[in-house]
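Those sequence lines, one after another, are chains A and B.
Just so you know, we're using my numbering here: the first sequence kicks off at 1 and counts up by one.
Just so you know, we're using my numbering here: the second sequence kicks off at 1 and counts up by one.
Please note: incorrect hints may appear among the correct ones.
Said to hold, decoys possible - Calculated cross-link-like contacts (lysine-lysine; reagent style DSSO-like; alpha-carbon spacing at most 30 Å):
1. K80(A) x K67(A)
2. K334(A) x K378(A)
3. K334(A) x K257(A)
4. K322(A) x K334(A)
5. K414(A) x K425(A)
6. K284(B) x K577(B)
7. K257(A) x K204(B)
8. K394(A) x K67(A)
9. K378(A) x K414(A)
10. K257(A) x K323(B)
11. K190(A) x K577(B)
12. K334(A) x K67(A)
13. K378(A) x K133(A)
14. K322(A) x K442(B)
15. K322(A) x K323(B)
16. K109(B) x K190(A)
17. K109(B) x K394(A)
18. K80(A) x K425(A)
Think of the hints as simulated: they come from the structure by calculation, not from any bench.
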Amino acid sequence: MKTLSRRSWLKTLAAGTALAPFLDFASPTQAQAALTGPAKRVVLFCTMATVPTIWTPTSVTAENAFKLADSTSPLEAIRKHLVMIEGMPSGNPGDNHGSPDALTGLGFAASGQPSLISVDQFIADRLVAAGVKASVPSLLLGAEATASGGKTMFNRGNNLPTISSPLSAFKAVFGNAMTAGAPPTDMLLKRRQSTLDLVTGQLQTLRQGVGSEARARLDLHLESIRQIENRLAGGGGQVAGCGASVTATDDTTDVLKANLVHLDILVSALGCNATRVAAIQFGSDQVLQVNLPELNLQGDEHGLMLHSGAGDNFAKLTIFEKWLCEQFVALVNKLEATPDPDGSGSLLDNTLVVWARDMGDGANHNQNSMRFVFAGSKYLKTDPNGRYIDFGGKARHERALLNICEAMGVTDFKGFGDSDLGQDKTPLSELHA
Amino acid sequence: MAAGKKPTASEVAVNESNVRNFRSPASSAVLAVAAAWAALSSGCEGHVVGRLPDGSPSLGGVTAPPGEQTAAGMPPITSLPAASACRSNSPGPRALRRLTAAEYAATLKDLFGDANLPLTSVFSDPTVLGFSVDSHALVVQGLGAQQLMDQAESVAHFAVTNHLSTLSSCTSTDATCRQTFIRQFGARAQRAPLSDADVAAYDKLFAAEASFADGAEAVISAMLQSPYFLYRRELGTPEGSGYQLSSYELASALSYLLTGSMPDAELVAAADSGALSQAAELEKQAERLLTSEAGHRAVGSFMSGWLGLGKLQTVAKDDNVFKLTPSLRQAMAEETRVLLDSTIFDQNGSVASLLTTQSSFVNRELGTHYGLSNAGSLGDTFSPVTFAPTERDGGLLAQGSILTAFATASESSPVQRGKMVRTRLLCQALPPPPANLDTVLKPAPGGATTREHFSQHSTNPVCASCHRMMDPIGFGFEHYDAFGRRREQENGKPIDATGSVVSEGGGEQPFDGLPGLVDYLTTQAGDEVNACVVRYWSYFAFGSAGWDEDQCTYDAIAEQAKQDGFALKAVAKAIVKTARFSRRVADP
Chain A
1 MKTLSRRSWL KTLAAGTALA PFLDFASPTQ AQAALTGPAK RVVLFCTMAT VPTIWTPTSV
61 TAENAFKLAD STSPLEAIRK HLVMIEGMPS GNPGDNHGSP DALTGLGFAA SGQPSLISVD
121 QFIADRLVAA GVKASVPSLL LGAEATASGG KTMFNRGNNL PTISSPLSAF KAVFGNAMTA
181 GAPPTDMLLK RRQSTLDLVT GQLQTLRQGV GSEARARLDL HLESIRQIEN RLAGGGGQVA
241 GCGASVTATD DTTDVLKANL VHLDILVSAL GCNATRVAAI QFGSDQVLQV NLPELNLQGD
301 EHGLMLHSGA GDNFAKLTIF EKWLCEQFVA LVNKLEATPD PDGSGSLLDN TLVVWARDMG
361 DGANHNQNSM RFVFAGSKYL KTDPNGRYID FGGKARHERA LLNICEAMGV TDFKGFGDSD
421 LGQDKTPLSE LHA
Chain B
1 MAAGKKPTAS EVAVNESNVR NFRSPASSAV LAVAAAWAAL SSGCEGHVVG RLPDGSPSLG
61 GVTAPPGEQT AAGMPPITSL PAASACRSNS PGPRALRRLT AAEYAATLKD LFGDANLPLT
121 SVFSDPTVLG FSVDSHALVV QGLGAQQLMD QAESVAHFAV TNHLSTLSSC TSTDATCRQT
181 FIRQFGARAQ RAPLSDADVA AYDKLFAAEA SFADGAEAVI SAMLQSPYFL YRRELGTPEG
241 SGYQLSSYEL ASALSYLLTG SMPDAELVAA ADSGALSQAA ELEKQAERLL TSEAGHRAVG
301 SFMSGWLGLG KLQTVAKDDN VFKLTPSLRQ AMAEETRVLL DSTIFDQNGS VASLLTTQSS
361 FVNRELGTHY GLSNAGSLGD TFSPVTFAPT ERDGGLLAQG SILTAFATAS ESSPVQRGKM
421 VRTRLLCQAL PPPPANLDTV LKPAPGGATT REHFSQHSTN PVCASCHRMM DPIGFGFEHY
481 DAFGRRREQE NGKPIDATGS VVSEGGGEQP FDGLPGLVDY LTTQAGDEVN ACVVRYWSYF
541 AFGSAGWDED QCTYDAIAEQ AKQDGFALKA VAKAIVKTAR FSRRVADP
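Could you put together the complete structure from these sequences and hints?
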């Protein structure tokens with residue numbers, strides 16, 4: 001195993017590559033060319049692993065002839081949009097949960113390497129490099145996803161937090177009380193710009209007087225401010241008056257309820273072109289407090305449903321997975337009901353929705369068979385009866401991540417995933433329409 | 001294949017059943033993997049299921065090398081690094097620390113003197129070693145600056161609407177009034193007087209606005225986005241071969257450590273006069289803040305992170321075994337909070353006092369849960385009780401909170417309990433389970449006790465190499481089930497709570513039950529336990545788990561606290577007296 005020592009990391013810093021290492025590596029040709037993928041937007045729906053015995057379809061006679069398992073039965077409602085896949089080992093199939101594998105293609109061995117980037121961040125950087133306008137390069141939402149020592153599935157060198165508070169997410173995307181949903185006045189714009197100039201100056205002064213580790217943190221802060229400046233300069237192309245239908249509070253006591261608000265924010269943000277890359281994370285890899293009294297289901301998914309689940313044959317997990325399926329269906333339906341801001345059909349016509357999980361088998365703690373559910377966008381090859389493919393261990397799961405890239409028009413995979421994948425570093429041809 | 005490389009899909013194909021069904025026979029290396037899986041795929045929580053072909057499992061979690069720190073861009077540490085030896089009495093490096101989420105909220109409320117200030121949660125920081133204080137992990141990134149701007153604008157608007165008269169003594173838009181406001185409010189917001197250049201910069205912002213209220217709002221908003229508000233500075237000014245923290249930096253360091261918020265007026269006055277740079281004044285202020293209401297809360301916050309008490313709130317419990325109501329969960333938390341507070345502040349107690357006390361504080365609900373014979377005489381409030389040894393063990397380790405938190409949904413967990421003692425009380429690092437390890441304990445045969453169930457760990461050598469450091473300690477807790485209830489039998493068999501502490505050198509200290517374990521922890525291992533709390537409290541205080549020559553600081557704290565019998569209050573005060581607290585060397 002290879003970890004990055006502090007010394008070599010500092011060397012990287014000194015070379016000036018660690019600040020925004022992902023913004024620069026798009027090749028000049030790709031940076032100049034507009035990305036022309038069949039999907040314009042991507043949504044990642046991220047949950048803990050399930051267990052294969054309750055997920056895998058039954059009575060499979062062809063890829064479009066299968067019966068959904070009980071835990072996925074609510075997906076029946078959107079069957080024509082579905083492509084369900086499994087049977088793909090990760091690069092580190094025995095990694096414990098919390099592994100960055102799922103969306104990076106790289107496991108613990110790569111922790112801390114600048115190349116450890118999840119597919120959402122990789123695509124977001126490529127879109128920025130290609131000049132695709134989005135007010136928010138990537139929108140990562142999810143209540144309490146880093147609490148209790150847990151991790152999200154998103155990485156950029158380090159694990160990235162999601163915005164926990166729906167209210168804070170709402171304000172960040174749609175504007176705060178100062179603007180009350182309307183475009184800010186010239187006076188307010190000027191005040192904000194002057195404020196950011198002042199704060200940037202202070203950060204730069206402070207930066208001169210501290211060591212390299214603190215400098216790296218201040219550089220992240222400066223980059224975060226540059227994103228605001230880009231928005232203020234109208235670089236986002238965001239439609240005004242967004243988010244009007246969303247009611248957000250700061251309350252994250254009920255994680256699932258908060259996440260339903262996050263999903264509303266997410267769809268609104270896509271619908272008004274505020275972002276092209278969005279994700280929702282249900283809990284962390286360690287903890288998800290489930291509070292669904294109507295289903296007689298209360299407690300931590302990880303401890304209660306996965307690791308104590310075998311006793312009741314995963315009955316509780318099945319109930320919860322069905323609930324998650326219902327939210328996935330609602331998301332797809334909402335995207336279908338929302339017009340695309342570019343004027344071309346519905347959001348769903350242009351959005352690839354991906355249900356991803358941090359492990360393959362949550363009860364047995366392994367990643368021998370990663371599984372995804374895809375829906376939406378013209379990229380996917382679909383069937384009126386839905387599609388289910390078991391790759392039977394013959395394809396690394398990173399290839400499904402490359403499909404997401406390809407759907408978004410990102411076909412140069414340099415800098416993403418396992419550099420040793422060789423000739424297998426291609427998207428799965430079975431998914432592409 | 002080089003270390004860290006993974007087999008590609010063409011080299012290895014694996015399906016759900018691990019090795020039973022290899023689709024693509026490949027190199028001998030792959031077959032070796034298969035053999036390893038096959039050999040080890042039965043019987044223990046933690047068998048190796050997929051060593052890499054070169055035999056090197058990639059470890060889950062990365063610990064920074066001794067004496068080195070986690071930096072932005074590096075993964076957070078997952079265990080305390082070994083301390084870096086003291087060679088030259090170095091106090092440690094300068095530091096810049098973003099306010100924690102809790103400090104940020106508390107500071108805003110104190111700054112405007114409004115406990116009901118409407119705030120939105122902005123930060124969702126990682127938990128590192130049980131705390132959210134790691135300076136290397138506290139960053140502003142992504143939409144963070146936007147969230148901070150939104151909050152700053154909202155708070156500034158609210159403050160000017162509701163508190164302008166207390167924020168400024170004048171409201172005219174002339175330069176004198178503007179700059180008086182900027183200097184006065186700015187000194188509080190930035191926790192140090194503003195330079196003339198800073199005043200000029202804020203005044204420019206102010207002067208562009210139409211009214212005093214608008215100007216004040218613009219300035220407050222900017223100040224709340226300023227790094228001088230958002231970051232704690234422990235940079236100092238050059239003095240001799242190192243740096244001396246200013247009296248304002250000391251005031252901030254003292255206040256955030258002991259109250260979790262910005263300096264109050266009395267502390268600022270001591271900084272203004274320069275008195276705080278005198279050791280006696282620093283000590284006097286430390287005593288004052290430590291014993292304030294906020295001081296009690298700050299110490300409680302450290303204790304909660306150190307002992308992992310937060311886990312009680314999230315741990316899953318199986319209602320089929322016992323219905324743990326939210327009210328009972330809260331009662332367990334409250335018992336421990338009161339016990340800690342009383343032992344530390346009323347009795348000037350040490351860790352040993354916490355471990356050995358026979359007294360606690362319970363209400364009727366908890367007393368009934370514990371099966372106390374006098375439970376019926378208890379009320380809703382938490383009253384002092386002394387446990388009869390036949391009824392229940394005393395001390396921190398027998399608290400319902402800890403026993404419940406460190407257990408699975410349905411049964412006690414010798415692993416979690418042993419690990420807690422090993423890592424939190426003895427500060428001994430346990431290697432993280434190798435990544436390619438199945439950590440699922442196989443179901444126990446019917447009628448087995450928890451102890452018998454976990455014996456899988458000692459019979460399988462792969463498991464035993466690590467679990468011998470945890471399980472035999474955890475067995476000492478076996479008189480208490482997953483809900484903290486005392487038991488003499490499990491599945492009809494008498495409880496065996498004998499255990500042992502295996503030392504890193506290979507020695508073994510046998511003991512019987514919690515009294516035996518506590519005896520070991522407070523006598524033979526007493527120095528280690530005291531050193532361990534010093535280590536964690538230093539992490540909490542300095543936001544860093546290791547730095548060059550950090551052992552100098554730990555030694556100084558231990559030596560000082562020892563003079564007061566290692567009372568926990570003395571540990572907190574000793575931190576303030578270290579060179580690390582007021583002096584620094586260059587940061588790398």
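Hint-by-hint comparison with the structure:
For the hint linking K80(A) to K67(A), the alpha-carbon distance of about 13 Å falls within 30 Å, and the restraint holds. Simply put, K334(A) and K378(A) have alpha-carbon atoms about 17 Å apart, close enough for the 30 Å limit, and the pair holds. Annotation: proposed proximity of K334(A) to K257(A) holds, straight-line Cα distance about 17 Å (limit 30 Å). As the CA atoms of K322(A) and K334(A) are separated by approximately 18 Å, the hinted pair is consistent with the 30 Å bound.
Proposed proximity of K414(A) and K425(A) is supported: the alpha carbons are some 10 Å apart, at most 30 Å. Our distance criterion of 30 Å between C-alpha atoms is met by K284(B) and K577(B), whose separation comes to about 11 Å. Restraint check: the Cα-Cα separation between K257(A) and K204(B) comes to about 45 Å, which exceeds 30 Å; the hinted pair is violated. Restraint check: the Cα-Cα separation between K394(A) and K67(A) comes to about 23 Å, which is no more than 30 Å; the hinted pair holds.
Restraint check: the Cα-Cα separation between K378(A) and K414(A) comes to about 25 Å, which is no more than 30 Å; the hinted pair holds. Taking the CA atoms of K257(A) and K323(B), the gap is about 24 Å. The hint holds against a cut of 30 Å. Restraint check for K190(A) and K577(B): the C-alpha separation of about 47 Å exceeds 30 Å, so the hint is violated. At roughly 25 Å between alpha-carbon atoms, K334(A) and K67(A) fall within 30 Å of each other, so this suggested pair holds.
Distance check on the hinted pair: K378(A) and K133(A) sit about 21 Å apart at the alpha-carbon level, within 30 Å; holds. Restraint check: the Cα-Cα separation between K322(A) and K442(B) comes to about 27 Å, which is no more than 30 Å; the hinted pair holds. Restraint check: the Cα-Cα separation between K322(A) and K323(B) comes to about 24 Å, which is no more than 30 Å; the hinted pair holds. Distance restraint check for K109(B) and K190(A): the Cα-Cα separation of roughly 28 Å lies within the 30 Å cut-off, and the hinted pair is therefore satisfied.
Restraint check for K109(B) and K394(A): not satisfied, since their Cα atoms lie roughly 58 Å apart, outside the 30 Å limit. Straight-line distance between C-alpha atoms of K80(A) and K425(A) comes to about 29 Å, which keeps the hinted pair within the 30 Å bound.
Against the hints set out earlier in the document, violations occur for numbers 7, 11, 17.
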